[in-house]
Structure formats: structure tokens, C-alpha cells
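Protein chains in written order, with our numbering: chain A, 131 to 481; chain B, 26 to 450; chain C, 604 to 990.
Simulated from the structure, these hints should not be mistaken for laboratory data. A virtual CB, placed ideally from N, CA and C, is assigned to each residue, including glycine. Hints are not guaranteed to be accurate.
Per the computed footprint, the stretches of chain A lying under chain B, defined by three or more beta-carbons under 8 angstroms from a beta-carbon of chain B, are [as the list claims (entries may be wrong)]:
{"id": "1", "segment": "220-228"}
{"id": "2", "segment": "384-397"}
Simulated restraints, written as ranges between beta carbons of each label pair [stated by the list, open to error]:
{"id": "3", "chain 1": "B", "residue 1": "C89", "chain 2": "C", "residue 2": "K908", "range": "41 to 47 angstroms"}
{"id": "4", "chain 1": "C", "residue 1": "G694", "chain 2": "B", "residue 2": "S59", "range": "24 to 30 angstroms"}
{"id": "5", "chain 1": "C", "residue 1": "T620", "chain 2": "B", "residue 2": "V105", "range": "37 to 43 angstroms"}
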Amino acid sequence: MERKVLILGGGVAGMQTAIALNDLGISSVLVEKEQELGGRVKNYDKTFPFFHSGKELVKELEDRVRRAHLVEIRCGTTVSHVEGQAPHFQASLGTGNYKIPVGAIVVAIGFEPFDASLQEEYGYGIYKNVITATELEHLLDPEGPTGGEIRRPSDGKIVQRVAIAFCVGSRNEQLGHNYCSRICCSFSTKQAIEIKERHPDAVVTCFYIDIRTYGRGFEEMYRRAQETSITYIRGRIAECGVLPNGDVTIRAEDTFLGKPIQGVFDLVSLSHGMTPALDAPKIATMLDIDVAEDGFFECRDKDLYPNDATREGVFLAGAAIGMKPIPDCIADGNAVAARVAAFLAEMQERN
Amino acid sequence: MTIGSKPDWIKGIAKELDYRWRYKGITGILPDISIILDESNAELNQALAAEGIKESSWVSCFQCGTCRAVCPYTQVTTDVNGLSARRMLHEAQLGLTDFESEEIWTCTTCDTCVDQCPRGVEIIDFMRNLRRVEVELGVGKIPDSLRRAMTNIASVGNPFGETSENRGDWAEHLPVKPFAKGTELLYFPGCFLAYDARARKVAQATAGILEKAGVDFGILGSQEVCCGESVRKAGNEKLFQNLAQHNIGVFAENGVKGILTTSPHCYHTFKNEYPQFEGDFEVIHYTQYLARLIKEGRLNFSKELNKQVTYHDPCYLGRHNGIYEEPREILRSIPGLELVEMPDARQKSLCCGGGGGGIWLDTKKGERLSDLRLEQAMETGASILAVACPYCLINFEDSKLTVGNADRIEIRDIAELVWESIQES
Amino acid sequence: MDERQMLSQDEYLTMQTNIYDVEARENTWRRYIKEIPEDGYFLLPSCILAVGYPATEAMMPRLFDLLDLDWSWNLKPESMCTCCSGIAYHGDVTTIESTLLTTARLWSLAQEAGYETIAVACITSFGIHSECFDLYRQEPGLKQKMDKLLMEACGRKFELPRHILHVSDVVYKHRLRLRDEFMIYQLVDQDSGRPLRGVDHVGCHYNKLFPLERSLGGAEYCEVLSGLVKAWGGKEIDYPERRHCCGMGFRQCMLTPNRGFTAASVNKKMVSMEPFEPDFIVTNCPGCQVHLDKQQWAIKELKGKEYFIPVLTYMELAGLLMGWDPYDIVGIQFHTVPVEPLLDKIGIPYDESKTWLGKDEQPLPCSDEIVGATLAAGRTMRGIPLL
Numbered sequence: 131m132e133r134k135v136l137i138l139g140g141g142v143a144g145m146q147t148a149i150a151l152n153d154l155g156i157s158s159v160l161v162e163k164e165q166e167l168g169g170r171v172k173n174y175d176k177t178f179p180f181f182h183s184g185k186e187l188v189k190e191l192e193d194r195v196r197r198a199h200l201v202e203i204r205c206g207t208t209v210s211h212v213e214g215q216a217p218h219f220q221a222s223l224g225t226g227n228y229k230i231p232v233g234a235i236v237v238a239i240g241f242e243p244f245d246a247s248l249q250e251e252y253g254y255g256i257y258k259n260v261i262t263a264t265e266l267e268h269l270l271d272p273e274g275p276t277g278g279e280i281r282r283p284s285d286g287k288i289v290q291r292v293a294i295a296f297c298v299g300s301r302n303e304q305l306g307h308n309y310c311s312r313i314c315c316s317f318s319t320k321q322a323i324e325i326k327e328r329h330p331d332a333v334v335t336c337f338y339i340d341i342r343t344y345g346r347g348f349e350e351m352y353r354r355a356q357e358t359s360i361t362y363i364r365g366r367i368a369e370c371g372v373l374p375n376g377d378v379t380i381r382a383e384d385t386f387l388g389k390p391i392q393g394v395f396d397l398v399s400l401s402h403g404m405t406p407a408l409d410a411p412k413i414a415t416m417l418d419i420d421v422a423e424d425g426f427f428e429c430r431d432k433d434l435y436p437n438d439a440t441r442e443g444v445f446l447a448g449a450a451i452g453m454k455p456i457p458d459c460i461a462d463g464n465a466v467a468a469r470v471a472a473f474l475a476e477m478q479e480r481n
Numbered sequence: 026m027t028i029g030s031k032p033d034w035i036k037g038i039a040k041e042l043d044y045r046w047r048y049k050g051i052t053g054i055l056p057d058i059s060i061i062l063d064e065s066n067a068e069l070n071q072a073l074a075a076e077g078i079k080e081s082s083w084v085s086c087f088q089c090g091t092c093r094a095v096c097p098y099t100q101v102t103t104d105v106n107g108l109s110a111r112r113m114l115h116e117a118q119l120g121l122t123d124f125e126s127e128e129i130w131t132c133t134t135c136d137t138c139v140d141q142c143p144r145g146v147e148i149i150d151f152m153r154n155l156r157r158v159e160v161e162l163g164v165g166k167i168p169d170s171l172r173r174a175m176t177n178i179a180s181v182g183n184p185f186g187e188t189s190e191n192r193g194d195w196a197e198h199l200p201v202k203p204f205a206k207g208t209e210l211l212y213f214p215g216c217f218l219a220y221d222a223r224a225r226k227v228a229q230a231t232a233g234i235l236e237k238a239g240v241d242f243g244i245l246g247s248q249e250v251c252c253g254e255s256v257r258k259a260g261n262e263k264l265f266q267n268l269a270q271h272n273i274g275v276f277a278e279n280g281v282k283g284i285l286t287t288s289p290h291c292y293h294t295f296k297n298e299y300p301q302f303e304g305d306f307e308v309i310h311y312t313q314y315l316a317r318l319i320k321e322g323r324l325n326f327s328k329e330l331n332k333q334v335t336y337h338d339p340c341y342l343g344r345h346n347g348i349y350e351e352p353r354e355i356l357r358s359i360p361g362l363e364l365v366e367m368p369d370a371r372q373k374s375l376c377c378g379g380g381g382g383g384i385w386l387d388t389k390k391g392e393r394l395s396d397l398r399l400e401q402a403m404e405t406g407a408s409i410l411a412v413a414c415p416y417c418l419i420n421f422e423d424s425k426l427t428v429g430n431a432d433r434i435e436i437r438d439i440a441e442l443v444w445e446s447i448q449e450s
Numbered sequence: 604m605d606e607r608q609m610l611s612q613d614e615y616l617t618m619q620t621n622i623y624d625v626e627a628r629e630n631t632w633r634r635y636i637k638e639i640p641e642d643g644y645f646l647l648p649s650c651i652l653a654v655g656y657p658a659t660e661a662m663m664p665r666l667f668d669l670l671d672l673d674w675s676w677n678l679k680p681e682s683m684c685t686c687c688s689g690i691a692y693h694g695d696v697t698t699i700e701s702t703l704l705t706t707a708r709l710w711s712l713a714q715e716a717g718y719e720t721i722a723v724a725c726i727t728s729f730g731i732h733s734e735c736f737d738l739y740r741q742e743p744g745l746k747q748k749m750d751k752l753l754m755e756a757c758g759r760k761f762e763l764p765r766h767i768l769h770v771s772d773v774v775y776k777h778r779l780r781l782r783d784e785f786m787i788y789q790l791v792d793q794d795s796g797r798p799l800r801g802v803d804h805v806g807c808h809y810n811k812l813f814p815l816e817r818s819l820g821g822a823e824y825c826e827v828l829s830g831l832v833k834a835w836g837g838k839e840i841d842y843p844e845r846r847h848c849c850g851m852g853f854r855q856c857m858l859t860p861n862r863g864f865t866a867a868s869v870n871k872k873m874v875s876m877e878p879f880e881p882d883f884i885v886t887n888c889p890g891c892q893v894h895l896d897k898q899q900w901a902i903k904e905l906k907g908k909e910y911f912i913p914v915l916t917y918m919e920l921a922g923l924l925m926g927w928d929p930y931d932i933v934g935i936q937f938h939t940v941p942v943e944p945l946l947d948k949i950g951i952p953y954d955e956s957k958t959w960l961g962k963d964e965q966p967l968p969c970s971d972e973i974v975g976a977t978l979a980a981g982r983t984m985r986g987i988p989l990l
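Chain A on its own, in the form it takes in the complex:
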């Protein structure tokens, strides 16, 4: 029996799994479809709620993974085919020529940001001054296209008034995404604080349904945002329109006052939710594991086995089982490593 583990996805969860397995003395193959490791977090300048650098975090993990001598890293390739039963899987990489025998498989393929153009009322994609949170993240990045200044796309003007729309694409029956993406309230608040720090004179208004800053340190970050004079209005932005000079008009209701509200902003940022990774269905078929109704992978038991897939020998980690903040992804990596180790030990005993 091969004591090797196949890890699909080289993001935070995937890398941590590899590191943890290495610490347990188990070798693994880390397969990442892009040319670089790091997944989504490598593009984040700051993470919430402590404003640590996402890039450095990824660099740190990558260092550890590369130094781990039991980890084989394969970037720029995907797993095309998996045969056999646990613990005797045969995985084919790339065009199928390179075959590896593995004992267990870990799925850590991450998520896909919601395509905001599907919510047509915001005009994302059509109105250039309506951007998504991911694009705002790029604008906030000092190494990004505008050097960290928030300039609006249409004419490069430095923003004076920014509106942030929460809950775009999540909690929405019409779009088929009924779940809450959990971290968007938090990262939007983080972005609002960052905008205020770069441009103290700017007016930043957040339009929300609920504030779900649920984690440790998140509520304190929310309070900090309020104290930086960021206005929070409870009432989802209903629609965006554009004026001839590029300003974006919004309509919402201020449910605290019970009145409709209209505003004109330089820039509107849509805090999009997270959807399952685009190749999740393909991987589910390939590995013969179940996908739940919301599109994320199904666990063997939601209460007691949150990191096990529905098939023996296949495990799940990270955002692939539902959106979560970075420390939780790290925890998932450690948890999965423990599960894999236990599984492999059990299989060893049986033989």
C-alpha cells in the first residue's frame, strides 16, 4: 500500500495539509492548476481582521512547503483521472502520462467568486465604475495598478464617495445561492477601513442586510470601522444607474428610518459572495464523491466527519466545503492531515 497522499489544490488549505502531512512523516503530491502556489490569498494585500499581509502569509506557507522534503509539488497541471479504490488509487496527472499510486486523496480546490454580472440590476460589467470586491482589493494593493490609491476606472479620479453593497450573490433565492458566504461582511468592512485610511476625506457608506462579523476579532474590527466614521445603512442596494459624468446613482431603503434613499457615488463596490469552484462538478465525478445542494462538497457526516468526503479515502479541506476565513483553512489542513494519517494507519493494519 502506498503511503502517499494526493492533494488537489495548492492554496492555503492545500499547502497546510501538505505541511501537516510532512510533519507526520507522510509524503504527498501537491497538484496546483496554476503556475504558482497560493490560491486566492496570494493576491490579497491585507487580510481581516488583523490586517496582516496575505502575500507574506502565502510566502511563509510556500517556504515551508518547499522545504518539506516529503512534499512533491506539481504546478501548472491538473489531475485528469483517478482509478482504483482506497487505499490503492492510481492518479493520472496532466495528459495522463504521469501516473502516481496514492493511498488517499485530499480535495482543497477552493472557491470561485460570484460572477456579479449575473445580478443585472447592479450593471456590473456594463458600468465601469461598478466594481467587485476583488477588483477593489487590487486597487487597495500598494503593488497594484494604481499604487494603492483608489481611483475610479472611468477617469482615474480619486474617490470621494464610495458605496459598498453587501450580500451580492449570496442569500439569494433568485440566483440559487441560498447560503451565506460568511466572510463577505468581514472583508468588506476591512476594505472600508482601508479606503478610509488611504483617503481620510472620503465618505464610505456600507449598505447591508445583516452584519455577520462573527469570528474572533471581527466584531472589534466592525466597531473600529464605525469609529472611523464609516456609515452603515441597513438596506440592500436595489439598483445602480450611471450619470453622464460617470457617477453611479444608487437606490436603497434605509430601514432604520423607513424611507427610501438615493445617493450618488463615485464608485460602488459589490461584495460578492463565494460560489463553489468551477471544476467542482468535474472533480466530483472524477472522484465519485457527492456534491451537496448548495454546490459545495458533501461531507460523510455534517456533525462528526466534516472533513471526510462521501467516499472512503477521499477527504476535504478549505473553502471547497464552504467559505471560511484563513485561520479556519489552516485548521482544516491540520484536521485533514490527522484524518488521513488515521486512515492510512487503519489501512496499514488491515493489510
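Based on these hints, arrange chains B and C on the given structure of chain A.
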């Protein structure tokens, strides 16, 4: 209705579906009620962020609604648009405060909301600052009766417009000496006790008690002016500072070390607000002092009162300054008095409506908090409602005149009850 | 010469590429493609359109014949095409069964003539037909019940139609053919060559009731009218209140106390579209046509603000560009907001003396007093000065 004729309701509809001149009836284009967000209200926002209070406390409100839920005002009105601290905070943040509205003056600063606010928002300071904007920038409308009180205080040092020379007259024919350097305790009765006929009895009772207990005390009479607590809460910061500086000067000149007050409002401002202007004195409320005297055995209760009494915790004694037990100790020490508690006691005490300038306002019948509180007192079956604050005293005496069946309850200040019991018959 | 007119086609006020992504907008409407057959239509005319803007409806048979389409309608006395009962339904004075029965009968008329596609002239009708169609899908036993009722009421049988179209869908389908084979004018300013800016106002019941099943382009970026504007040389305008209802809703415009709402809705749209300087508005719903046209007059009377942007139906637009006589055939004399300035821009000639004439060059019935007063003020009915 005869068979065959059109029923009336059809005729009504036909009248409505008036097609002869299609556009008859458009009398105007309906206005857009939306709030427009723009920066034109930033100035007012800045005016609201006055010194002394960090604006961060106000903006951290997360609209939970606790303040409105516990506000006593909601118990006397069904107006959904009435006083709502939560809503006013949000409006202020968006620069939409309606300075013409009455609700800015409705708050009695009773501290119930501040006590319960999970975010620690300084709501009373927020209200005070809204009023400051009105007073200093001249927006909105200050209620007439309040304006009169402030004008009087500014000119003659008391809200009644009485001459300042008569401020010590209540002590005529009483063994009360003028304060001089070396006197141990200054007794500061406050404006109501100095001038109001009903409240004077309390001052007289207090003076009698102190004299009987052999306390070395004196009064400053016409030298002193109003403590200014209510004008500060009503937003007149300048007037308050003038009054404070006058009083502090007078106290310092006369070598005052310790001040005894009857009104919890005077107590509050001397203790918590005068130090800001370098007026550091040892301030003691008369209930604390009397409780101490009783413990030291310096008061001799000779007469049994044989009545049931209930006690109303004044907002400025209880919630603002944490004094709950001493008044009760006093009442329990008076022989023959049985103390029964009202439902909303101690921290939950229902405001009488006098604070925050409320004592100077004309509150509509049906919206008076003191009416409600008096009814609560009567429900306990007590025959005496004991108070420890002149505003409560006056408000309850007023309510007694209009609330039904109120003849069976008497309003008495604690000092009056003590005096009654220690007096030789 | 206005300086702005010197800018290139793409850079003028609206649809500036630094603010809009035109390609993304084109991709968005393509999520809602409606299947429109080439021909085989059964035309169901409307009530309000025939009263307010009769020429528009009269042009429909003319257009279909011009395009040589296989179509029909039924106006014979013995089985008259009836109203779809939309006013009664929205005015809440009838039962749903009556509405279902009326539409069933209309469908039966179409099927009797051998057509499985109905083309409706009014958007409210379109909405009624779509809603009734949807009800059969929702309630399984309803078809049998209505079969029985229709047989009892007028001895007819009906089936659900295969396609429910609006006549603007038909015009959209054939827009390129109209442009290439029949149109002699373009939506272009003849002096400067700039494309005319057109606001498309699609009736709410066309694309908001069933965006996926019944509309071309969906609820947000509907294409059925802006496609016409774009194909015929013009430029569409996207402005914040583009999707706002015109406010004509029977409960609003029919009841005197509520009419202020209708006026306010039109006002809101006019205020929003004004910075974009549109040259005309094109509508496909008779209700919208009536109110966008006439409430501009009411706004002028009440607020003193004159917007006076000409409002045309899609048929009138097609008719004008094909060179049909503006008064005899297209019937612009029925408009409150003068259309003549638009004709000047396009370069369509018109004989002003015909403004007072109706069908067959007979004078329009109008009180002498009003005629006299207007002539005395030196103006035609729509404010054009008499020379």
C-alpha cells in the same frame, strides 16, 4: 334601493372613473420622499461632535433598539415617530436631524438607555449636543417655557425670576447662620427649595434636622446662583459655564470645603462637572448625610409615623450616581414606617420627567411620566410617596392634582419625614 | 455649431466607452433570447391604442402586408375580437375566470383561423395572455375547467398558443429587412451626421412579468426596442430611471385622486433622462405612450418645466423612417408633444396644413372655441408657431 336602479357604490365608482376630462384632478406632482445622501449636512455633523465627547461613542451604535425599548417615554405615548435615541443617532450620522422637531427636547436624561446600551454610547451627551446646536446656532425652536427659565437664570440666578437678594429668605426665623470661613458644611438648598412655597418646607425641615443634630453648617443665600445642571443639559453651555465659575468663585472665596445638597441634580453637577472648572469640593447628598447621622446615633426619633411608605429613586441619585441604599436606610430607621417597594425600583426606577430641562417644559396631559409613576405608587397601597429630589416632589404634587383618587397618597420628601419624627411634639 | 456634435460617434454623452462597456451590455441581453417565428401571426388589436393613437394600429396590417407575411385577424361582426379584459382585471372588477375565458376565446379564434402564434398589439394584453398561459402551467385541472366553461359560453374549443408575441417582437424580428428593403431615412441628424439618441421605454408587463420566458432581453437590459433604435441608425440611452414604470397603472391613472402618482412617475423619468439629452422616446405599450406623451404637458402646466421630448410608438418610428406620410398614415397629429422637431432633425418632409386633418383628410372634430383661441395665439395645437 328600488329594483333596477344603480346601487350607490357603483355611482361612486363612476364618479371616480371620470373620463370626460382625463387630467382633471392632478393637482400636483407628488414629491419624492427619498432621502438624498449628499455632503451638505457635514457641517451639522461636525457641530454635533462637540468637545468632551468622543464622536466614536455615538457612531458605534449598531441600532439594536435597546434604548428605545427601555426609554420611559415609550410608556406614555403611542407615537411611532416619538423620541427614539437610536433613530436620532442614525439621522445625525446622515446629517438628517430634524431640528424643528419636539423630540429633541423630550429626553429627560434619565440615564436608563445609557445604562443598558450594549455599545456604551453616550446618549445623554448626544442629546445635550443636539440641544447645543439649537441654542448656539439658533436652528430649530427652543420651547418658550424653557427659554424663559434660562433667561431668568442668566439674569437673576434662578429660574423663577425672583430677586437674588431673597435667595436666603426661606431661612428667616430659622436657626440658620450665614456661611463663614471655617464653617464645616455648606448647605446648598438649590433654586426650588429657596423660592418655591412647597419646596421651602423641605429646606426648613432639613435645616431643622441639621440643627438638632448639632451640625456646623451655614448657607450662602444671595451670594450663590443656580447650579446650572438643567441649563447644561438643555444645551446652554455658555450659561452653565458662567454659573459654574460664579459659584466656584464664591465657594472658594468663602473657604467652602464640603457641600450638602438636597437636589440630586445639584449633587451631580457639583460632584461630576465642577471639577472640570477646578471646583473641587467634597459633595454629599443629604440622604447620605442623614444616613450617616443616624448611624452615628445623632438623631433621636421620638414620634412614630405608623404609615406605609414607598420610595421613588430619583434618576440623578440612583442611576447617575449609584445612591440607592441610604435613603432606604433612613426610611427604615423612622419608627412606624413600613417601606414597600414599587415595581420599577432602584436601577429600573421610572423617571418623573423632570430632568434634562423637563421640569421647565409644559408636558401634555397623558404624556406625563409622573402621572404614571404616581399610579404605580398608589398601587402599592402606600399612603406616602417618599422622594429625595425637588423635581420629583414638584412633579408628583402636580400629578396629584390631576390623577384620579390621588387624595389617598401624600408626597413627602425624606427630610420632611425625618423632621416629623424627630420633632418634639 | 454645437461643439459636442463634433465628437465621434462613440464618445458622445451616452455610451461613453470609459463609462460603459458596450460589449458587456450586448452579452447581457443575450441571456434572454425569445423565439420569434418569421410569420404566421394572428393579430389581436388593442383598445387604448385604437383610441389614443389609431394610426399606429392601422399601420400594423399595412406593415404585415408590406413584408408579405402570413397573418390574419378577426374583426368580423359575428365573432368580434374582444378586449382581453385587462382593464377589468387590473381594475379589480372581474373574476379571474372571466379573464381566463376571454383569453381562451381569443386563442380559440386564432386557432380557428389556423394560427398557433398570436401577436398582441397592447402590452397589457400581452401581460394578460402571458399570465393566463402561466396559470394553466401552475394549476393542472384548470384547462379542463376552462374547456367546459368555454364550450358552455360560446361553443368553442381552445388550445394553448405556441407563441405569444407582441407586435414589437415582430417588428424586431424583421427590423433588418425593413431597414434594408424599405427604409429611406435613418435615425441620424441630417445636419451633423450624429446618430439620434433614443430612450427606449418598454412596457412593464412585457419584460418584468416573465423575463425569462416572454421577453427579449430580460428585465434590466431589454433589447426589443433598443434593438430597433440601434438597427435603424440611432443610439440607445441608458439612464438611472430607465426601468422605472411610467406610472400608468389602471389603479393610478383611472382614479382621480391617484393621478398625481402617474404624473410623478413620468416626472421622475424625465428628470433622470434630461442630462442625457435624448432626441426621442420610443415605446411599445399604449399606456406608456399615452402617459409619457400627455403627462409632459401636465408637468409643463404644474411645474412650468418643458421637457417635450417626442414620444413615438415603434410602429410610428418604423412608418416615419419608411417615408410614410406623417399625418395621413403615421398620425402624429394625435401627439401632445410635437413630433415635428424630430422630423426636422431626421429630414422627413411634412405638410403642416394637415395637422388639423384626420382620416381621409377630413378635419378632426374639435370645438371651435379651442380652435379659435389657439389660432388667435398664432400657434397650432401643439405649439408650433403658425407662420
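Here's how the hints hold up against the structure:
no. : hint                                : in the structure
1   : 220-228                             : violated (count 0)
2   : 384-397                             : holds (count 9)
3   : B:C89 / C:K908: 41 to 47 angstroms  : holds, 45 angstroms
4   : C:G694 / B:S59: 24 to 30 angstroms  : holds, 29 angstroms
5   : C:T620 / B:V105: 37 to 43 angstroms : violated, 49 angstroms
When the structure is compared with the earlier hints, violations turn up for hints 1 and 5 and for no others.
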